[in-house]
Amino acid sequence: MGTRAFFDKDLCGGILIIAIGATAAWAGVNYRIGTIRHMGPGFFPVAVGLAMVFVGTLMAASSLRTSIIGRTGDSKLTKASLPDFRGTACLVSGLILFVVCGKILGLLPATFAIVFVSALGDRSNSIKNATILAIAGCVVAVVVFWWGLDIQLPLFNGWSSTL
Amino acid sequence: MSMATSHNLLYGFEIAFQGTNLLCSFAGVLLGNLIGVLPGVGALSAISMLLPLTYAMHPVSAVMMLAGIFYGAQYGGAIGAILLNLPLHPPHAVTCLDGYPMAKAGRGGAALGITMIASFFAASVGIVVMIFASPLLTAFALKFSSAEMFSIMLLGLLTGATMSRGSPLKGIAMTLFGVLCGIVGADLSTGTFRFTFGIPELIQGVELVPVAMGLFGVAEFLNNINKLTVDSKGARVNVSEMLPNRTEVKQAFWPMVRGTLVGTFFGAMPGTGPAITTFVAYALERKVSKTPEKFGTGMIAGIAAPEASTHAKVQIDFIPTLSLGVPGDAVMALILGALIVQGIAPGPGLINSHPDIFWGLIASFWIGNVILIILNVPFIGIWLKLLRIPFRFLFPLAMFFIAVGVFMTQNSFFGIWELLAFGSLGAIFSSLGFSVAPVLLGLVLGPMLEDNFRRALLIANGDMSVFVRRPISCVFIMICGALLLGVTVSTLKKWQRSKRQAGRNRMQAQSAD
Numbered sequence: 001m002g003t004r005a006f007f008d009k010d011l012c013g014g015i016l017i018i019a020i021g022a023t024a025a026w027a028g029v030n031y032r033i034g035t036i037r038h039m040g041p042g043f044f045p046v047a048v049g050l051a052m053v054f055v056g057t058l059m060a061a062s063s064l065r066t067s068i069i070g071r072t073g074d075s076k077l078t079k080a081s082l083p084d085f086r087g088t089a090c091l092v093s094g095l096i097l098f099v100v101c102g103k104i105l106g107l108l109p110a111t112f113a114i115v116f117v118s119a120l121g122d123r124s125n126s127i128k129n130a131t132i133l134a135i136a137g138c139v140v141a142v143v144v145f146w147w148g149l150d151i152q153l154p155l156f157n158g159w160s161s162t163l
Numbered sequence: 001m002s003m004a005t006s007h008n009l010l011y012g013f014e015i016a017f018q019g020t021n022l023l024c025s026f027a028g029v030l031l032g033n034l035i036g037v038l039p040g041v042g043a044l045s046a047i048s049m050l051l052p053l054t055y056a057m058h059p060v061s062a063v064m065m066l067a068g069i070f071y072g073a074q075y076g077g078a079i080g081a082i083l084l085n086l087p088l089h090p091p092h093a094v095t096c097l098d099g100y101p102m103a104k105a106g107r108g109g110a111a112l113g114i115t116m117i118a119s120f121f122a123a124s125v126g127i128v129v130m131i132f133a134s135p136l137l138t139a140f141a142l143k144f145s146s147a148e149m150f151s152i153m154l155l156g157l158l159t160g161a162t163m164s165r166g167s168p169l170k171g172i173a174m175t176l177f178g179v180l181c182g183i184v185g186a187d188l189s190t191g192t193f194r195f196t197f198g199i200p201e202l203i204q205g206v207e208l209v210p211v212a213m214g215l216f217g218v219a220e221f222l223n224n225i226n227k228l229t230v231d232s233k234g235a236r237v238n239v240s241e242m243l244p245n246r247t248e249v250k251q252a253f254w255p256m257v258r259g260t261l262v263g264t265f266f267g268a269m270p271g272t273g274p275a276i277t278t279f280v281a282y283a284l285e286r287k288v289s290k291t292p293e294k295f296g297t298g299m300i301a302g303i304a305a306p307e308a309s310t311h312a313k314v315q316i317d318f319i320p321t322l323s324l325g326v327p328g329d330a331v332m333a334l335i336l337g338a339l340i341v342q343g344i345a346p347g348p349g350l351i352n353s354h355p356d357i358f359w360g361l362i363a364s365f366w367i368g369n370v371i372l373i374i375l376n377v378p379f380i381g382i383w384l385k386l387l388r389i390p391f392r393f394l395f396p397l398a399m400f401f402i403a404v405g406v407f408m409t410q411n412s413f414f415g416i417w418e419l420l421a422f423g424s425l426g427a428i429f430s431s432l433g434f435s436v437a438p439v440l441l442g443l444v445l446g447p448m449l450e451d452n453f454r455r456a457l458l459i460a461n462g463d464m465s466v467f468v469r470r471p472i473s474c475v476f477i478m479i480c481g482a483l484l485l486g487v488t489v490s491t492l493k494k495w496q497r498s499k500r501q502a503g504r505n506r507m508q509a510q511s512a513d
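Protein sequence lines correspond, in order, to chains Z and Y.
Position 54, counted from 1, in the first sequence is what our numbering calls 54; the numbers after and before it change by one each time, with no gaps.
Position 226, counted from 1, in the second sequence is what our numbering calls 226; the numbers after and before it change by one each time, with no gaps.
This is chain Z alone, in the form it adopts within the complex (with noise of 0.2 Å):
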């Protein structure tokens, strides 16, 4: 085996799938049902709602009866179905910082944060790799984005629009 099995891929798949439609029934609810012949905003909501807690009560409800047959390791959630924690941190931070830098510094350093981040991700990039390819982005951000489709963004904020 080597990894450790956490939970039923299904069990939990059903309950996330019962959660977010109980969610959404019970918020449709306030958004007026209607009658049948009338329907309002509610209606529809409540119904895709309710479906989701029934498909996710059968998925749940299949993944007990199968683990009481007993199963192959494959439908257990394990370490290594999950994604990789320092790529889902690294990933996930250079969006955010893209954001960020774009909104306050301007394109070019967003460019480079969401590359440069994003490849520290993988194990095997080396900071120098990490640095080589953020330029490359750079250029590409200025040839095609700012150049080419003329992006709504300045390259630096303040100075740049008017290169």
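Some clues are possibly wrong.
[To be verified] With the Cβ distance kept under 10 Å, some of the chain Z side facing chain Y (calculated, not the full set): (1) 9; (2) 31; (3) 44; (4) 52; (5) 94; (6) 99; (7) 105; (8) 106; (9) 109; (10) 118; (11) 128; (12) 154.
[To be verified] One side only, chain Y facing chain Z, incomplete, derived with CB under 8 Å: (13) 128; (14) 177; (15) 432.
Hints in this document: simulated from the structure, not taken from any laboratory.
All residues carry an ideal CB built from backbone N, CA and C; glycine is no exception.
Chain Y: place on chain Z using the hints.
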């Protein structure tokens, strides 16, 4: 061919040969091929990544470019499957089985050549079917009221959900989730804000591009990072090898025809993905072959049939998308979404009100396929070099393209948050074994589904039987029912089998004690 059809077709070629349109078609095929070749990037991510580029274009050019990106990317996926055994693009997973052994035996070039011939042949058949079937279907569909529209959309969603990869239950759950996301925003008839969480940007609804890029771009990268290892050894191809020899062409001919028929058949059923089509085509080849045991060792039939089937299928897929406004799969949903963004209402009226889009697109399919062949002969060396680019260099730049693309669709940073949300959700869903493609189908079809549902019941004075009283609608509903029944029966059978298996295992364990 009737006069009107040939006249329309000529008109289509006239449009497709216009400078800008031709350029867009060419650029689309080139970019699609370029991106489709890259490991870890499929046709869906290629289209969603390049979708923002088309926003500023004329609708005709935009659709032509998107279609070009699509089949360019599709062909690009076959290159990786054959030469590197990369089953990263689901429709080509089957092609790996015989394509890679051929590549190892030094006939990779011929395999690619056969792929090209098969896809051109299949696409041509698909285009001809499209030319004749679409106007017929449109004439038929123009009689549809909202009840029929609702039923056929329901059928499209249901087939999309149950025929996609993985368990049907999970597919339905993902479709419903997509429909739920489609509800977000101001209600069409009352203006009530639904699920907007007090965020003003959400009043317009969830944007298509961030969702598509989140689910198929960011989520893919999240799942692949530090996990994807690509062995790029043994991939060497010369241009001169791309021409398959005579026996190979002979061996490939009938599989190609059969694959095309399979693709045409599956294309006529909305909602069936291209992956299942290729599996059926491959299985059929094994069944009719005199030497079924040789499959998996480099049989040319095992390449020609699935590749032909998927290309015929995607071509036929355009029929319901353009003539009914019901997309067959996630890719078609994206193209339909692009049309909606352009301000063009999809539905039975499209061919009559926008003949330039429909006939121009048909002509551009042919032109695009020719471009694809011309392009791939000299460029195969470059594609091979691209294939060797490690994933770790690709995804940081791809992340940047995605982020900039999302920003450019609305000139606002809000889309990045949507991107982040759907990327994380997509990664969670796929690690739980869900296939996320139906979400997109639900998102695009959901609002239309609700609109037609409410309108049908308003007209029928709240009488639910309207959906089964009208004959055409009744047929669609009955197919939906049959589909659900079939899925239930097959699932129960599978359970029964696994139960028996488990019982046997337990007995063995006991007897071992």
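Checklist entry - With 8 Å as the cut and Cβ atoms as the points, is residue 177 of chain Y at the interface with chain Z? => result 7 Å, holds
Next on the checklist: Does residue 44 of chain Z hold up as a contact with chain Y if the rule is Cβ-Cβ below 10 Å?
Outcome noted: With a minimum Cβ separation of about 5 Å from chain Y (threshold 10 Å), the hint on residue 44 of chain Z holds.
Next on the checklist: The hint names residue 432 of chain Y as touching chain Z; please verify it with the least Cβ-Cβ distance against 8 Å.
Outcome noted: 4 Å, holds
Item to check | Given hint residue 154 of chain Z near chain Y, where the shortest CB pair must fall under 10 Å | outcome: Violated, because the Cβ-Cβ distance from residue 154 of chain Z to chain Y comes to roughly 13 Å (cut-off 10 Å).
Checklist entry - With 10 Å as the cut and Cβ atoms as the points, is residue 31 of chain Z at the interface with chain Y? => result With a closest approach of 6 Å, the residue 31 of chain Z hint holds.
Checklist entry - Is the hint on residue 109 of chain Z kept, meaning its closest Cβ partner in chain Y is under 10 Å away? => result 12 Å, violated
Item to check | Status of the residue 128 of chain Z interface restraint (C-beta, 10 Å, chain Y) | outcome: With a minimum Cβ separation of about 12 Å from chain Y (threshold 10 Å), the hint on residue 128 of chain Z is violated.
Checklist entry - Any CB of chain Y closer than 10 Å to the CB of residue 52 of chain Z? => result Status holds, d = 5 Å.
Item to check | residue 9 of chain Z as chain Y interface residue, shortest Cβ-Cβ below 10 Å | outcome: Result: holds, 5 Å to nearest chain Y Cβ.
Checklist entry - For the hint on residue 105 of chain Z, does the least C-beta distance to chain Y fall short of 10 Å? => result Given a least distance of 13 Å, the restraint on residue 105 of chain Z is violated.
Next on the checklist: Checking hints one by one. Is residue 99 of chain Z an interface residue toward chain Y, by the C-beta closer than 10 Å rule?
Outcome noted: At about 5 Å, which falls below the 10 Å cut-off, the nearest Cβ of chain Y leaves the hint on residue 99 of chain Z intact, so it holds.
Next on the checklist: Under 8 Å is the threshold here; is the Cβ of residue 128 of chain Y close enough to any Cβ of chain Z for the hint to stand?
Outcome noted: 37 Å, violated
Hint check: violations occur at hints 7, 8, 9, 11, 12, 13; the rest are consistent with the structure.
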